[in-house]
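Chemist: 285 is the number of the first residue of the sequence shown in our numbering; add one for each residue after it.
Each pair of labels, with its calculated beta carbon distance range:
#, residue 1, residue 2, range
1, Asp293, Val485, 14 to 22 Å
2, Pro496, Ala453, 35 to 43 Å
3, Ala446, Asp293, 35 to 43 Å
4, Gly425, Ala331, 35 to 43 Å
5, Arg470, Thr557, 33 to 41 Å
6, Pro375, Gly422, 36 to 44 Å
Rather than coming from a laboratory, the hints here were simulated on the basis of the structure.
Beta carbons are placed, not taken as given, at the ideal position from N, Cα and C, and that holds for glycine.
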Amino acid sequence: MTKFFEGPDGRRLAYQDTGGIGPVVLCLAGLTRNARDFAGLAAHLAAHYRVLRIDSRGRGLSEWADDPVAEYTVPIEAGDALALLDHLEIPRAAIIGTSRGGILGVILGATASARMNCLVLNDVGPVIEPQGLAGIVGFLGIEPRADTFEAAAEGLERAMGAAFPDLSAKQWLGFARTIYRDDGGRPRLSYDPRLRQAVEVAMKAAKQAGQPDLWGFFDALTGLPILAIRGANSDILSAETLAEMARRRPDMAHVTVANRGHAPFLDEPEALTAIDTFLERHAT
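Generate the whole structure from the sequences, applying the supplied hints.
Modeler: In C-alpha cells form, the structure reads like this:
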C-alpha cells in the first residue's frame, strides 16, 4: 500500500513500507526509476527487515516539481530520504541505492553518517562512465514508442539485450511493467519528463567544473560498511572503478553479477546472497 509524507519543502512524496520491527532498510532508486524496482527485494527481505521504498520527487507517485532544475538535484533528493526517516521517527537505516540512488547514499554517508548503518551500492561508484551516461540522457523524457507493454518489452530487449543476454520474454515484459506506468493498457513514462532539463543543466555545470568525480565523498565514508554490486556488462560502473574502490576500501564487500548491464535487478542469486550476508552483519 502506498503511503505519503511531506518533504522538507512540503512536496508530497510517496513511499512503500513493509512494516515490522526488524532493522530498517531504505531503498533508493535510479534516476528515472521508482519504488517498484525494489518490490522483489522488499518481499525477499521482509521476513527479517522493515523495508522502505521511496519514490523520489517527480518519479512514480510522488508530486512533480514546480522548478525541475532547482528540485531534481542530488542534495534535494538526499534531503527527502532523510525526511522520510524523520517522518517515521527512524534514527538509523541501512541504505540500498541503485545508480543515482547509490549516489544519494554516498552523499548521505559522507554528510549524515549518524543516520546510516551501512550502504549497498548497486552499479554505481565515484566515477560514472561518460558513454553510459550519454545513453541514459539520450532517452530521458521521451515517451516509449509502443502502444502495448508487449511492444515496449520488445523495444527494451532490442535496446538492452546485449547487456542482459539471458532474460526471457516474460522477464522483459516484467521489466517493462516495472519501469513504465499503465495508462489504460498503454506504457507511459513513470516520471516527470522535465527531469531531462535538470540533468542537462547539471551535466553542463559538471563540464564547466572539469567533470568532478565523487572520490572525495567516497573517501569520507571511512567506517561505514559498504557492499558494491556491479553488472558485468555495465557501462556506468567500470571494472577499473570498482577495483579502485576496493583498493581504497579493502574492507568493502563486492560482487559482480554475470549477464547484467546497468543495473542488476537485485533478484540474481549472487546479488541476493551478497545482500543477505552483508545486512546480517551490518544492518543493526
